[in-house]
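Based on these hints, arrange chains B and C on the given structure of chain A.
Okay, here's what each chain looks like letter by letter:
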Amino acid sequence: MLMCFLILEIGSVSAQKWQPAGDKIKTQWTELVDLANPLPEYPRPQMVRDQWQNLNGLWDYVIVPKGNFTPSVFDGKILVPFAVESSLSGVQKRVGDKNELWYHRTFTIPANWKNKSILLHFGAVDWKTDVWINDIKVGTHQGGYTPFSFDISASLLHAKEQKLMVKVYDPTDKGFQPRGKQVVDPQSIWYTPVTGIWQTVWLEPVEHAYVSHLKTIPNIDGGNVSVMAVTEGTLPNDIIEIKVFDKGEIIGKGKAIVGEEVLVAVPKAKLWSPESPFLYDMEVSILRNGVVVDKLKSYFGMRKISTQRDANGVVRLQLNNKDYFQFGPLDQGWWPDGLYTAPTDQALLFDIKKTKDFGFNMIRKHVKVEPARWYYHCDHEGILVWQDMPSGDGSTEWQTYNYFNGKELNRSVQSEQNFYQEWKEIMDFEISNPCVVVWVPFNES
Amino acid sequence: MLMCFLILEIGSVSAQKWQPAGDKIKTQWTELVDLANPLPEYPRPQMVRDQWQNLNGLWDYVIVPKGNFTPSVFDGKILVPFAVESSLSGVQKRVGDKNELWYHRTFTIPANWKNKSILLHFGAVDWKTDVWINDIKVGTHQGGYTPFSFDISASLLHAKEQKLMVKVYDPTDKGFQPRGKQVVDPQSIWYTPVTGIWQTVWLEPVEHAYVSHLKTIPNIDGGNVSVMAVTEGTLPNDIIEIKVFDKGEIIGKGKAIVGEEVLVAVPKAKLWSPESPFLYDMEVSILRNGVVVDKLKSYFGMRKISTQRDANGVVRLQLNNKDYFQFGPLDQGWWPDGLYTAPTDQALLFDIKKTKDFGFNMIRKHVKVEPARWYYHCDHEGILVWQDMPSGDGSTEWQTYNYFNGKELNRSVQSEQNFYQEWKEIMDFEISNPCVVVWVPFNES
Amino acid sequence: MLMCFLILEIGSVSAQKWQPAGDKIKTQWTELVDLANPLPEYPRPQMVRDQWQNLNGLWDYVIVPKGNFTPSVFDGKILVPFAVESSLSGVQKRVGDKNELWYHRTFTIPANWKNKSILLHFGAVDWKTDVWINDIKVGTHQGGYTPFSFDISASLLHAKEQKLMVKVYDPTDKGFQPRGKQVVDPQSIWYTPVTGIWQTVWLEPVEHAYVSHLKTIPNIDGGNVSVMAVTEGTLPNDIIEIKVFDKGEIIGKGKAIVGEEVLVAVPKAKLWSPESPFLYDMEVSILRNGVVVDKLKSYFGMRKISTQRDANGVVRLQLNNKDYFQFGPLDQGWWPDGLYTAPTDQALLFDIKKTKDFGFNMIRKHVKVEPARWYYHCDHEGILVWQDMPSGDGSTEWQTYNYFNGKELNRSVQSEQNFYQEWKEIMDFEISNPCVVVWVPFNES
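Residue numbers (this note's numbering), protein chains in the order written: chain A, 1 to 445; chain B, 1 to 445; chain C, 1 to 445.
Bound conformation, chain A alone:
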């Protein structure tokens, strides 16, 4: 079965060295992983631009003691974006809090991306990430569940081949249980920590002014939708324009000065629900002196989640102003072969469809945050999501602080700030998905 991969990958020396690690942890999708193009789907369905380049695939990796300088020799190949402990990574090694995991690959920038700003996106990397392009440090990020990106334009060479190095540190290996990942059916693999890149890595060309984040809030009572576009590189007088489409037909538009929310009418809205998960399409543009300088596609659902006391005084959850009994499973989002990462997009979708087939209308996403495509599938398939905050993170990160005096104060402040920062990033990340209806910041406490 694994030979299939190798045959597909003929001509790739590195591919010939790679195979899933271990021998008993396959899923029905394991063999469907395309080694040349794992997880090829567009990774950010809520903000779609025409041009992008997927960097998933076989990269070099090496595990070295924490603090070591940029390595030039590597242990072997790893299949990105599967965590280094997973079978699908082809490595299945632990890193630990004394070591760091380094990645290396090269890439080229398409000729027609010239004069653009080039963004390097990471879907998620657990936990602290440092990135160099051509040996120039371009950025750092903390937080294992949310996407981040860097403008790497200044670090690119005129030459064809660009060198990418990524360093990952994840101290939470030690303190794993307090992270709250409970196990329904314990097997040794379920306790495996997850370290490193576990979602799609990709490149995107943008103009020097561009939309970096969208916050889309439907209002079914008011018959409108509010869109806040966060931007980079805009000028104070730039304007954001939103167009709303119902199956290709424009039904409303609105504008705002950059930094202000755009309100667009959605009269007689088709409501979104698990029974009828209708999604409106949306186009977001930045206008400067009337000229479009950035444009992207998005979508939203018109739904409302609220609470109401019933005749007996009991608080009832309502969907679209009607009592709605939500029931569904606790979903861990662990894959025997990929751990945090589903082997294929079909696998991701399969679970959601199966849950609906069982008659559930809700999933409680337990102490994990999924890739954007998972929420996209829930939006499309129609299933409600209760999102837990992954608990326990941020409490053990700071033990490496150098000075032994005055440390206690710093630790608690930083740990708390880190918790709120990660939680905020997670809420920003999912805020526009109609499927997400409940946030659970503290697990059963």
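Treat the hints with care, since some could be wrong.
Note that identical chains are pooled: a pair holds if it fits in a single copy or bridges any two copies.
With a cut-off of at most 27 Å between alpha-carbon atoms, the simulated DSSO-like pairs for lysine-lysine come out as follows [as the list claims (entries may be wrong)]:
no.: 1; residue 1: Lys116; residue 2: Lys322
no.: 2; residue 1: Lys160; residue 2: Lys424
no.: 3; residue 1: Lys253; residue 2: Lys163
no.: 4; residue 1: Lys26; residue 2: Lys247
no.: 5; residue 1: Lys128; residue 2: Lys424
no.: 6; residue 1: Lys253; residue 2: Lys66
For the record, the hints were derived by calculation from the structure and aren't laboratory data.
Frame of chain A, contents of chains B and C only:
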């Protein structure tokens, strides 16, 4: 009596539809309200520029359920800047926390304002305001007592007529008593909530770099005045210049790099007091490479408020380093016909003069903040002001938050932040008035 | 002895009016102070640029009541940078919390500094400083121990002579003991407060983009050094380049996008210790489109301070991963003739060498922060430093607040903010010195 208005307003179709609402709530100034030009006085006496345009007058209004999209049909005419519940508004309706109040009017920009930045100013709007120009959202503000403005340049059309829409939400209707507006002589109208625009709305052309706020602090012991000019659009090397005048004669000047305070000598200062309310005039300029890019006029009074223990150890309030016994009435600032808004500037002045005639030297401005002209009159007439913070606001705003989990934490933090934000805006607003000598953040608690 | 000064200074009218004040407080270096050029050494050894101009020397001074306007008449001459209470200042007067100390001098800008940004640096001024150039306010600073600077370019005249005025306020005279400066051998002079400029004042020409601060952290386990360059005036795509030298020979380099840390390999590092205080040299540049727009020289030491439990469970301090018993004196840094300020750089160095000669390997710098050159000497000579935070500051600064209501809240918040702000500035200031190994935020508490 009301016919007077209509006769004055002949030729105005809209005016013919408007009249004060109710039948028993007039004051001696009610009939002096100029329907074509209500409250025509310059609204910001501490920062005077030559050019401006008053937008007070008859506007369209409509009350619709909260969250509704921008309306295109209106209930009728409202006389801005009188609150919708007031008689002088011509409406006298309640809005409530389930509804929003929308305003609409058109205006034109004078031809000689071309190439300027156009600011749209609101003296005060209770409580949350959203503003659109030509269907482009230009800004939002929370806080019912303080002035705010938006640069609307990017939203203006080359065409003559510009469309202005304002949405107001005021959830504090429900929780009225906790706002602390005590009533001396209860009548049904005194309990009326105040919603919407209640101070002058106006336009002002400025250069792209301009002074947006002044903080003027006299120092009678040191014989000088400190002026901090807050600016927009300035460059790091721009310079602020202050000139001080005594009845037209320049007596001192000073300069600072933008962002730093300017200190100007005021030797042998004529002290400000209720007995002798002398005001110095001031000119504030922004210089760029020696060229004036913004200029405005202001004023200040040289006075000092301090405390001193007397021979018996009792703390005494001092004015200008001498014991000064302050006595005066609690002043609510409610008008039977205009509620928060005095029918005319003469009415505003009349109350202050009357208080002085009664022999008082102080007014405690109770749980309300007045328009800038009221403090200006106090400065000119010579009366001390104790300013209360309007209490109880900010505690009921957040009940519309969508998510029922993790909400408690957000609510208290946001409520507290809102309280400090509003309080800070109020202090910034009045800090430069010599009449304001005492701040009372918490009412009798 | 003092005649020496005067003879050296022939031709200087002002110098003839100056002499050390008092009669019994000399040190062996007192007579070595060069009146024309006191403390002529480069004041910032960790960030060296080629061009600079020392402004130390005889300035005009005057003590006037707090809040007075810029004076034009002066009491006499003061030798900068010696505190006004010191003998070496030539003044030896107290200022007190009711007064302010003003300084005045003129200076000229070298012709070849044209088109540069001109920074005015203060090594340290105790406590609050306001600065005017040519009667234009250029900046303000609070905190008595750390360096600060202002870009004075916009205030300079095309004429030759530039006028500098400095105002200093130090309210902590009253509350002196709580500052924690304990006295080993009490003499009347040891209790003298320190007010005003007490470190070198100097000018520096820089490009419009320049490095304003360096944070250099060695990592001996990883064989590398991390350098974070804080910059002013840089553009998002500018690049920081670091080169590391071992006695003139380049051994490593690294780059980062501005705002990111640069990691440079230091393989087989020569470790820094009191026994072998080896320092690497470093060159820091800002590159814009490949062109160097700023360049400066620095240095660092490869050392590690950590703790380890020994066989008995006792926590041991380690230097470079080996138990290291640190012992040394409590050092107050008080000079009979100069108070906070050593009379000469040789005097500063002498104390450190003497401490090593006595067999100590550590100095606890008690409730004072020294000039940068002191830490530089410790780095070069090889002695460890425990840095105390000067305690007690910030608790009495706010009594001049005008309004007697709502004051308590402001006081405690501001006092706390001030404490953290000063502490942070002190840590930023010393963070890159290999000699500094322990921070003591609270003295014996």
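Each hint, compared with the structure:
no.: 1; hint: Lys116 <-> Lys322; verdict: neither (48 Å within a copy, 52 Å between copies)
no.: 2; hint: Lys160 <-> Lys424; verdict: neither (38 Å within a copy, 45 Å between copies)
no.: 3; hint: Lys253 <-> Lys163; verdict: between (43 Å within a copy, 17 Å between copies)
no.: 4; hint: Lys26 <-> Lys247; verdict: neither (40 Å within a copy, 57 Å between copies)
no.: 5; hint: Lys128 <-> Lys424; verdict: both (17 Å within a copy, 25 Å between copies)
no.: 6; hint: Lys253 <-> Lys66; verdict: between (52 Å within a copy, 20 Å between copies)
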